[in-house]
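Undergrad: Here the protein sequences line up with chains A and B, keeping their order.
Here the first sequence stands for residues 51 to 446, where the numbers follow this note's numbering.
Here the second sequence stands for residues 58 to 432, where the numbers follow this note's numbering.
For the record, the hints were derived by calculation from the structure and aren't laboratory data.
Please note that a few of the clues may not be correct.
Unchecked claim - Only pairs whose alpha carbons sit at most 30 Å apart, straight line, appear in this in silico DSBU-like list of lysine-lysine: (1) A:Lys221 x B:Lys132; (2) B:Lys349 x B:Lys181; (3) B:Lys250 x B:Lys349; (4) B:Lys132 x B:Lys384; (5) B:Lys349 x B:Lys255; (6) B:Lys293 x B:Lys384; (7) B:Lys218 x B:Lys293; (8) A:Lys105 x B:Lys181; (9) B:Lys384 x A:Lys221.
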Amino acid sequence: MTIMNTRQDAAPQVSFINDPVIRGIIYQVVAAVVLVVFFVWIINNTATNLAAQNKSTGFEFLWAPSGFDISFKVLEYSRSSSYFQTLLVGITNTLLVAFLGIIFATILGFTIGVARLSSNFIISSLATVYVETIRNIPLLLQLFFWYFAVLASMPAVRNSYELPLGSFINKRGIYIPRPTPDEQFAFVWIAIAIAIVAILALRFWAMRRLEATGKRFPVFFSSLGLLLVIVGGIWFFSGADLAFEVPTLQGLNFRGGVQLPPELVALLFGLSIYTASFIAEIVRAGIQAVSRGQTEAADSLGLRENDRLRLVIVPQAMRVIIPPLTSQYLNLTKNSSLGAAIGYPELFNVFGSTALNQSSRAIECISITMLVYLTFSLITSAIMNWYNARVSLVER
Amino acid sequence: MTDIGFVRSHLVEARPAPVRTSGLVAWTRKNLFATPLDTILTLLGAWFLVWAVPPLFNFIIANAVPPGALPEACKAPGAGACWAYVWSEMEFFIYGFYDIPEQWRPNIVFALGAALLIPLLMPKAPFKRTNAVLFLVVFPVVSYFLLHGGVFGLRVIPTEKWGGLLVTLIISVVGITLSFPLGILLALGRQSKLPIIKSVCVAFIELIRAVPLITILFMASIMLPLFMPQGTSVDKLLRALVGVTLFTSAYMAEVVRGGLQAIPRGQYEAASALGLGYWQRMFFIILPQALKHVIPGIVNSFISLFKDTSLVYIVGMKDLLEAVKTKNDSAIEWQAPNTATTGYLFAAAVFWIFCFSMSRYSRFIEARLNTGYKR
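Next comes chain A alone, as it looks inside the complex (with noise of 0.2 Å):
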């Protein structure tokens, strides 16, 4: 529908229902008749309903305590608490298994998406094999496989399996060691933070320079060395110690350590191997869409294998990359919403479902749900497309 600019002065004179314009405010007026009519009908027939069920609405149920406790959560959290609690644990959580599932699927896709385009046959087969067979099956499917199945038929506490560096995995999830740091340890958080400043400096002193002069620095190795004697040194002064708490069996349980139950461990396989799937095919489609010449042109100018990588193939290929990787990682939070069919007591499981049976606030808590949801993948894709703007071609 053209609006502007197609008429002239002298506009051939046309039947006023064909006028473009007259149309589209017809159309329009249509529209939002439509659009107000079906809205009210709605609200009205809730506000009946609502009032025939003797229920009565609004949020300030946020406040009353909830009368239920959480299997798992990262807050504090008790039958006591209040509704608006019970929605922060359930947002942690979900953020939790989001963030780990991320960075695992990263590395995951990212491996088998460049495997996948490896001259090695038997390893680009098996990356074709993973990726046509996770990616044509359910993510449901696939937690129930892992809960249900898998974990399920790990063995009793008693004879659990040992896992390296004093890890174990049986029915009741996996453990690992819980890092104890004493209190000289704050010393090296701060050598830390003075080694990543000291790095950043170097970097930008040895830009300069190559800019001006042309001369090269070991920028690597020499932050290497930088964070090495930094760190461990005032790690050796300050008299700081690491300790790590091995989980060790004591009775029918174990003591000590970080237990991460089944429910979360079956989630963030089934999520990472999913959506590694889908990574990996974004990134091969990412590196084939950087032309063959450009590989050709770095070779020519005398660039080394690394600097031809880092300089030339990955900012091309990061380019098609980020976009589709967004929306991946943007899915892999919604999909974390499944957890709530093997028991993970994510946003979805405690607010959505649990909450709104407690408190019948259905319309209350179903919006709350879709609307944490709803921030979440602004927040994503408004951090992405800063990114993506950073990194996009400057054209014309």
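Starting from the structure of chain A, add chain B where the hints point.
TA: Leaving out everything else, chain B in the frame of chain A:
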């Protein structure tokens, strides 16, 4: 950058011709042992295959309990996959609680669907238009009355009894056929220059895409009855269908929008110059080209819809995955260490076959329609 460039002072000696460029040895050298790193990777890969494949083969085939065996065979130590269990519960996996003497009705629907769909998918088959009308209009109506009953003396079978693969297929076929046109309309609305229509479409698409399907389904199941006038009851299957269709159409709209954006302005202008109205312009000129561009994206949406049907158990529908899980938990006589794994393997195989064939078919169509871009 003086130290990274150089100028050659003399020519490189000509290298001798390669000994062999084809054959097994040359192939292995090129694809498996090209560099030292490649050799290490090959050895790692081979080690992985040796570690993973024989146990898998033993589990799925060699030590597996074949269909028709007794439950005791699955409980024997060292027994692999329990295919006997899947075989004996197959009826439940396909039809759910659908009355056994009436199972000929879903069977007819399956046969009718296949008979109409296969020629529709074959580019060379004749009577495309009749076929499409039969499949998209006549088939759904016939199927509904066949499955639900209530006419011609057929017993009524409420949707609560439908289950298994039947429900998975119903939801995906209905979802696909409804969300496709809805998605196109939303995409056109988003591209429209009319501000009210545009903002409504943008709001709908962005809101739906920002939240998980599970919350949409939950909303459909809990809020839909509240939205309706008092006393109306909304069928559970219908609620699931509404949720899945709305969700997929938002994604479909974005895919179609990508295609629309790929069409050069000249095409719109040429169509206007021919004197075509808005809908003629869209349906005869723009959409055919736009849709051709985005076939992979459309099929991807269909594939995710097919996989997402597994979530309808949230609103109490019993699809294939739910049927398998129910039997895994409740078929007492089959309880054995590998029963659950076998059940999930079976469900995974079914989903995989459908999704994989969809993606292969899209590759085929893409290649066929790749008319303007061949070089």
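Undergrad: If any of the earlier hints don't hold here, list their numbers in rising order.
TA: 8
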